[in-house]
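Based on these hints, arrange chain B on the given structure of chain A.
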Amino acid sequence: MQQRSFWAMGSTTTIVIDSDEANARSAFAGAYQTFRAYERILSRFQPHSDLNALNRCAGRGPQRVGQTLWRALQHALWMAYRSDGLVTPAVGEALHTAGYDRDFRQMAGISAADLRTPSPVPDWRLIQCDPRRRTVAIPAGMRLDLGGSAKGWTATLIARRLGRRYPTLVDAGGDIALSGPRRDGSPWPIEVADPFHPDPGLALLMLRRGGVATSGVDYRRWLHRGKWQHHLIDPRTGDPVRTDLLTATVIAPTLSLAEMAAKVILILGAESGLHWLADQPNMAGLLVHRDGQIIRTPNVDRYCWQSSMSANR
Amino acid sequence: MNQTRKPMRADVSGLKWAISTAALAATIGGWGWLTAQNPPEVAIAAPQIAVQPPAVERQPLPPWLTDDPMLPVLPTVVPLNIPARDQVAAPPPAPAAPPRAPAAPPPAPAAPPRAPAAPPPASAAPPPASAAPALREVTIPAPAPAPAPAARTRSSR
Chain A
22 MQQRSFWAMG STTTIVIDSD EANARSAFAG AYQTFRAYER ILSRFQPHSD
72 LNALNRCAGR GPQRVGQTLW RALQHALWMA YRSDGLVTPA VGEALHTAGY
122 DRDFRQMAGI SAADLRTPSP VPDWRLIQCD PRRRTVAIPA GMRLDLGGSA
172 KGWTATLIAR RLGRRYPTLV DAGGDIALSG PRRDGSPWPI EVADPFHPDP
222 GLALLMLRRG GVATSGVDYR RWLHRGKWQH HLIDPRTGDP VRTDLLTATV
272 IAPTLSLAEM AAKVILILGA ESGLHWLADQ PNMAGLLVHR DGQIIRTPNV
322 DRYCWQSSMS ANR
Chain B
21 MNQTRKPMRA DVSGLKWAIS TAALAATIGG WGWLTAQNPP EVAIAAPQIA
71 VQPPAVERQP LPPWLTDDPM LPVLPTVVPL NIPARDQVAA PPPAPAAPPR
121 APAAPPPAPA APPRAPAAPP PASAAPPPAS AAPALREVTI PAPAPAPAPA
171 ARTRSSR
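Top to bottom, those sequences are chains A and B. Residue numbers for the first sequence follow this note's numbering, so the first one is 22 and each next one is one higher. Residue numbers for the second sequence follow this note's numbering, so the first one is 21 and each next one is one higher.
Read the hints as simulated data drawn from the structure, not as lab findings. In this text, a Cβ means the ideal position worked out from N, Cα and C, and glycines have one as well. One or more hints might be untrue.
Only some residues are given here: those of chain A computed to face chain B with a beta carbon under 10 Å [unchecked claim]:
no. : residue
1   : G169
2   : I197
3   : G201
4   : H218
5   : V233
6   : G237
Quick list of the computed label-pair ranges, beta carbon to beta carbon [what the hints assert, rightly or not]:
no. : chain 1 : residue 1 : chain 2 : residue 2 : range
7   : A       : N44       : B       : R172      : 23 to 31 Å
8   : A       : G51       : B       : A164      : 35 to 43 Å
9   : A       : N44       : B       : R177      : 25 to 33 Å
10  : B       : A164      : A       : T33       : 25 to 33 Å
11  : B       : A164      : A       : Q23       : 24 to 32 Å
With the rest of the complex left out, here is chain A:
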């Protein structure tokens, strides 16, 4: 088992390869380069990124974009479609309004950006894409943010690419993509962190493939003009979401789906979120209420480690 951690896309990324081969080092290097390259293209905080270049052309008609930005944007739009617009790439302006205007490490928990009245996020269906010419047209006033979506998409891509040679786990700041079972066929043990108690986990998941993601309002937040803000925007209001949940963890067939579902549940709240999750195929959730209550969907126990379970099963 070999692993390597680095900072990319605003998070600590860890890649674990279940192999003892010395060639795995080149795989690590390739994955690192991919993360770095994609960050340069897709980041909202890098002024010369392709994404910012596109944002600067809002309202100026179709703009030809590169292959990576095109694929990442198509992926984000697909997630917007799956979530009925609750998880949308059009939240860039709302995040900027809330004070999230630079890398979170540079904010030190305080944002000094001008306080403006939030407004509902523009409809993601206003983004016009032409696949034949690979052009994108965004309306004036809209700013794209691919943040978590691009991170999950890149992690899934890396896990799939490395998974052709080695069993691979990619942990992108707590959002985890798996390429398949470990060498001996056993599942990967993944702990769900407890937002109230850092050390003991809420549950130990045993997953062979797919992804698991946790979204929450317990960490990435800052004080903006005396008001606590966080990075999860409710597109219906344009404001950071007011939710009764602290964190939502979702297990899904892919990391991208898990990440999207976790955000949707957090935006909808515990009751509506559980109803929404019940309609999604092959997903299980573990939610932590603000009062400490832990809510599990009935099928989450299938993925949890139990004392009667052998690690190699």
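For chain B alone, kept in the frame of chain A given last:
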């Protein structure tokens, strides 16, 4: 110009017809002959099926089924932390009462003195240890330890 005429071929269609007809006749005739060799039998009489009730022979019930069951007498299990009566040494004599303080009121004369740790009556005494059932040691396997997590999911760090 001399024209050579193609010689007329003999008309053999009649012969073909004759051979075909003969073969067909031989086939049909053979089939008829074979059929006549083993004609199916006609079932005239309906099969008579007689259902007879099974002969039931009454047998006396075995005594173990009719007699009242004997309830087993279970020996009283001696708790491990209580020794048998014959293993208990005689109680030591009661120590001499310490001198009372003069201010203390005297005890009521009608109240009988409490016996110091009198042994239980014979009827309530547990049976000797030899009557205890044989105990079998059962080993319960310890639960498997949880594997060390390979990763931790939490809100984006």
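The hints, checked one at a time:
no.: 1; hint: G169; in the structure: holds, 7 Å
no.: 2; hint: I197; in the structure: holds, 5 Å
no.: 3; hint: G201; in the structure: violated, 14 Å
no.: 4; hint: H218; in the structure: violated, 12 Å
no.: 5; hint: V233; in the structure: holds, 5 Å
no.: 6; hint: G237; in the structure: holds, 3 Å
no.: 7; hint: N44/A with R172/B: 23 to 31 Å; in the structure: holds, 27 Å
no.: 8; hint: G51/A with A164/B: 35 to 43 Å; in the structure: holds, 37 Å
no.: 9; hint: N44/A with R177/B: 25 to 33 Å; in the structure: holds, 30 Å
no.: 10; hint: A164/B with T33/A: 25 to 33 Å; in the structure: holds, 31 Å
no.: 11; hint: A164/B with Q23/A: 24 to 32 Å; in the structure: holds, 26 Å
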